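Asker: If you want the building blocks of each chain, they are given just below.
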Amino acid sequence: MFAFTVKRIAQGILVMLIISFIGFGIKHNFGDPVRELVGERVTPEERAQIREKLGLNDPFMVQYVRFLKNAVQGDLGRSFFFKKPVTEVIAAKAPATLELVFCASLIVVGLSIPLGIYAAIHPKKLFSRLIMGGSIIGVSMPVFLTAILLIYIFSVELGWLPSFGRGETVTVFGFWDSGLLTKEGLRHLIMPSIALSSIMLPLFIRLIRSEMMEVLESEYVKYAWAKGIKPRRVWYVHAFKNTLLPVITVGGVQLGIMVAFTILTETVFQWQGMGSMFIESVTRADTALMVSYIVVVGAIFVVVNTIVDIIYGLVNPVVRVTGRK
Amino acid sequence: MTTNNPEILVSIRNVVKHFDISGGWLEQIKFDNGRITRKQSIVKAVNGISFDIKKGQTVSVVGESGCGKSTLARTVMGLYPPNSGEILYQGKRIDNLSDAKLKHYRTRMQMVFQDPYASLNPRMTVGKTLREPIRFHRPELKEGQVAEKVAEVMAKVGIDPDWQDRFPHEFSGGQRQRISIARALALDPDFIVADEPIAALDVSIQAQILNLMMDLQEKSDLTYLFISHDLSVVEHISDVVAVMYLGSLCEMAPKKQLFDNPAHPYTQALLSAIPKLGHEFSHEKLKGDIPSPINLPAGCVFHTRCKYVNDRCRSEIPAQRAGDGNTIVACHAVEEKRI
Amino acid sequence: MVTTWNRIKNSDFIYHFLRDPVACVSFMILLVLVVSSFAAPIIAPHDPYNPATIDIMDSELPPAWNAEGTAKFLLGTDDMGRDLLSTMLYGMRISIIIGLGAVALQAFLGIVIGLLSGYIKRLDTILMRIADVQLSFSTYMIAIFIGAIFQMMFGVANYEQIAAPLLILIIGLAEWPQYARTVRASVLAEKKKEYVEAARVIGLSNIRIMWRHILPNTLSPVLVISTVQVANAIMSEAALSFLGLGMPMTKPSLGSLITAGFEYIFSGSWWITILPGILLVLLILVINLLGDWVRDYLNPKLYKG
Amino acid sequence: MSELLKIKNLNVDFALRERTLRAINDVSISIDKGERLGVVGESGAGKSVLGFSIINLISKPGYIDSGQIVFKGEDISKYSYDRMRTIRGNQISMIFQDPMMTLNPVLSIGEQMRETVFAHMNVSKAKANEICVEKLKKVYIPSPEKRLNQYPHEFSGGMRQRIVIAISLLTNPDLIIADEPTTALDVTIQAEIMDLLLELCKTDNMGLMLITHDLSVVSQVTQRIAVMYAGTIVELGDTATVAHKPQHPYTVGLLGALPQRAGSEKRLNQIPGVMPGLAKIPAGCPFSDRCSLVGDICREKRPQLLEKTNGIRVACHFVE
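Protein chains in written order, with the UniProt record's numbering: chain A, 1 to 325; chain B, 1 to 339; chain C, 1 to 305; chain D, 1 to 320.
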């Protein structure tokens, strides 16, 4: 298990290197660090001077290594628009996005497991058919459209829920702006998290159902029936534990991917998180911020994937004992 | 060893085949006793096997799963390059030939596979499957001649030549195995390697295929290398039998000699385990399990389960020694006349 | 020709297809949608690309069944005064073209890369690592990144001019790993089968074995994901358009229509965004339903009884 | 000896979308207490379905259409699900074909053994562990206490099959149904497993229904043999007689096809054709289209399984 963990972490670092390389490549080709530092109004001579001073005329690899060194120390450059180090900008925006992803993940995990299991155990029942029919419609619905529909129904027509923003937030631990602690904050969270979960929930239900149905056909489940143990134990211990393994590998990655979908949901709900920040930075050509977003999100994915792999290893005795996957 | 004996069709000389399954270097890290070590996993499938196959004979290789018999068959066919050792065909070395030079030998030696469901391309009609080798090796033939040849081999194996346009899934397992044999025969080879050709078939179908193979041997003067785990089948079809265990040859002898007077302790145990119709059980128990081919035991590979084991067996690998009456035995105990 | 037709008519495929009402209905709807979108220049009541026919005074008219609607604009008009029905038909055509084009590109890239990494061990690690990274980022995100980079490279105005081919390129580059992984997995599975060994024993070259024996046997999983990928590509295009990285408003796709109408739902003009939304969902839904059916048909592992 | 299990006129159907196929056709057979019965047939003969139908565990579109399965005097074929559960794994245990697939890979051996004990006995965990260890010892698993915490992948195929046998012994059943228990194993391991099964049945006076395609294996372990073909029993009698003097043409052909019976004869006796699929079983005698003795009556009338000479029951119009 130790060796397995070491391997996963090493692979994660490797992936981070690749991502940072790509990120730096973009910055190197499109970004203008001088503008980030001093704005547009400088003479060509001054620019050249600053370029020299910043080491922008050094070979690509030298600059990349410097970028890496700075990145490890938490320095990803300055945002041209916010006139602040990008890490500060991102740190300010991250809580909004992470809380949104957290709530959506709760919805996805909390609903998909019981619904998926039910649909797998009783494939012929009416409720299962409803679940499956609903899930295919869900899969076919672009996330921003779901969000628009929610706004139209609950904000415009019914006027029950707010259509944009985070509402009232409270600062906790000195840096984290949380919307989870106020009634208004929670009310603002409802629609965005439903919209964000709407893309993953049907995928998870379908995944759990098909994996579980496959497991239910297996020899060891048949053998479990032949041993005369209770159906509940067969379903929830024998079948579900084995269903979990592929669901963890695929599902863990998918939960990470929700961060990508925040770009869409945040844009619809004008949610002041990293996603809308990214789209704004694209329109403003704020290269440093864009690249840092890529690197930060990449880091989130790598961390999530590594944790998922380690959890997989803990659940699967084959990995736990032999360290091989 | 002399190689130019015209009676000998195929010679296998000290063939070794290992597979590296350790993956990338990250996969090789192991954590042992508080230290991180790097360990490669190499499956030692075949470890120095030599024997000759005489023209017109059926030589069978038997052994339990994982003993390397299929790997040996594929190495002989050139599907795997051996790590060391040589394969000779009529005295000429063929294991190191380029594809172009090997092409001629491809028509001389062909192979029949185990799984009748996987050995035919499901997206090709039977006719196409059979035409492919003929067209490839004899491009000078005209369309009509190819068709004639295909019809001929189909008739030979008992498949109606009118069924050329059918796909493999329209045939039963036994019929597919016949088609597989027809594909091997399409090039009129001298030598056929059959890797468990009947293991996936039912008893009554097994008999049909075995009969077919024996008939073809008589008619076309074929030489077989027959791979099987089923000793009673081997006893029926072979002239010479070789017994393998964990990638090594234990014993090789003319059929009668081997079944009546097995010399190697493993052969003895194996033979006693064959269930015999209507006899009470009386088999020789082997202790323990087969060791992993990744961590072969030192010395004789069988020593962990052998009842005649002594210190020499644990440290020294027994050589293949010629015994009386065309036999080969690799056992210290037999050599020391302890058995 | 007749025999081929008979063969198709009598095949299992058609037999099972005709016995599945969901598949049949989905196919019919898809057929209607595709035909009407490609026949848009003929059947659409107005030409949304011709500024001469558009009157800004007609903007935001509700559908005809509404009291304020007129029969001239069956489904109402958008904020620029264009007939919504016509604009939707033209938009759907763009969505479908981009979807199909992107999938063709993905399939090409993915199959080539999948075959290479399935057959050449040394390439395998590198190519699959790239695919993994891309997939763990999600293809959406990659598409947005590539879109953003392209927009910086070309500038917003130029980008809009060549948006359609660019979108095909973006989505194609973002989603090839799906194909590559599928193809690679089935190449690895097929490679182990004995018919491939039999072909090698015959002496056929690697290229021929790959082309004639392995490739045809990897096509059914490719077919299965292709349907789903078309749906995904259309969704990706819609998402990119929504973020302003897609089709311009002068030549809107369904996605950009929804985007344009979004701000008008607060003023009650729901149809500008909801109607194209329904059409988009319907289009994707029937493709997905057909995809599900094809998957069940080609891989009936669960239903073997 | 008293009768343990009696199957009477059992019919098992598989309901497919287009039509219903009969997999077991009017099968009657019985097992006495402590008796070992072999059920032999080629793949598709319905022998596994027969085994699973006893504990009402036929895979999905299959179901018992009619007939009785009388176990210890009660017809268990009509038992409710919960009542059936008190029989399954308790009084009737099963052993499956492939030991690599029958044990759940994510549960420890101990968990998989204890759950069977808990399902059928009201005992403490310590007591359950004690029972498990005792049974593991019985199947010669070394250091069983330690083994309980290990997972299936840490055992070899032969060891896993021993564990499956130990699980089937946990509740001291009256009958074990073993469905091809050694087909997936090597000959030397097969011999050990068969040896073990035989020993256990003898010492505990357990009934055994051994389902296999291998006549030689059956002939070494069982007292009686039933030969199945296309869903019916074609021959039934004591092992020695069936093995040495088979009467039904199919059994004769099957035995003749065995290489070890051929002796010095070079050609093996072969039955032409293949066993028909369920949809294509001929009317009349199911073997009629492959039989060398076939006459008009065979194509019209289905032969009954009747007692012929030597106390053997044969379903053939031509055997006297």
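There's no promise every hint is true.
What the hints assert, rightly or not - Here are some, though not all, of the chain D residues that point toward chain B, as calculated from beta-carbon distances under 7 Å: (1) S43; (2) T183; (3) A184; (4) V187; (5) T241; (6) A243; (7) K245; (8) P259; (9) Q260; (10) L293.
What the hints assert, rightly or not - Okay, the calculated beta carbon distance ranges per label pair: (11) A:I307 with C:S220: 54 to 64 Å; (12) C:A185 with A:I9: 22 to 32 Å; (13) C:R19 with A:V250: 28 to 38 Å; (14) A:V250 with D:R299: 28 to 38 Å; (15) B:S84 with D:Y63: 54 to 64 Å; (16) A:I107 with C:L298: 25 to 35 Å; (17) B:N14 with C:F13: 46 to 56 Å.
Calculated from the structure, these hints are not laboratory results. Just so it is clear, the structure is predicted and the values come from calculations on it, not from any experiment. Even glycine gets a Cβ: it sits at the ideal position worked out from N, Cα and C.
Asker: Now tell me if each hint is right for this structure.
Answerer: Each hint tested on the structure:
| no. | hint | result |
| --- | --- | --- |
| 1 | S43 | holds (6 Å) |
| 2 | T183 | violated (11 Å) |
| 3 | A184 | violated (9 Å) |
| 4 | V187 | holds (5 Å) |
| 5 | T241 | violated (10 Å) |
| 6 | A243 | holds (4 Å) |
| 7 | K245 | violated (11 Å) |
| 8 | P259 | holds (3 Å) |
| 9 | Q260 | holds (4 Å) |
| 10 | L293 | violated (16 Å) |
| 11 | A:I307 with C:S220: 54 to 64 Å | violated (35 Å) |
| 12 | C:A185 with A:I9: 22 to 32 Å | holds (26 Å) |
| 13 | C:R19 with A:V250: 28 to 38 Å | holds (32 Å) |
| 14 | A:V250 with D:R299: 28 to 38 Å | violated (56 Å) |
| 15 | B:S84 with D:Y63: 54 to 64 Å | holds (60 Å) |
| 16 | A:I107 with C:L298: 25 to 35 Å | holds (33 Å) |
| 17 | B:N14 with C:F13: 46 to 56 Å | holds (54 Å) |
The structure fails to meet hints 2, 3, 5, 7, 10, 11 and 14 from the earlier list, while all remaining hints are met.
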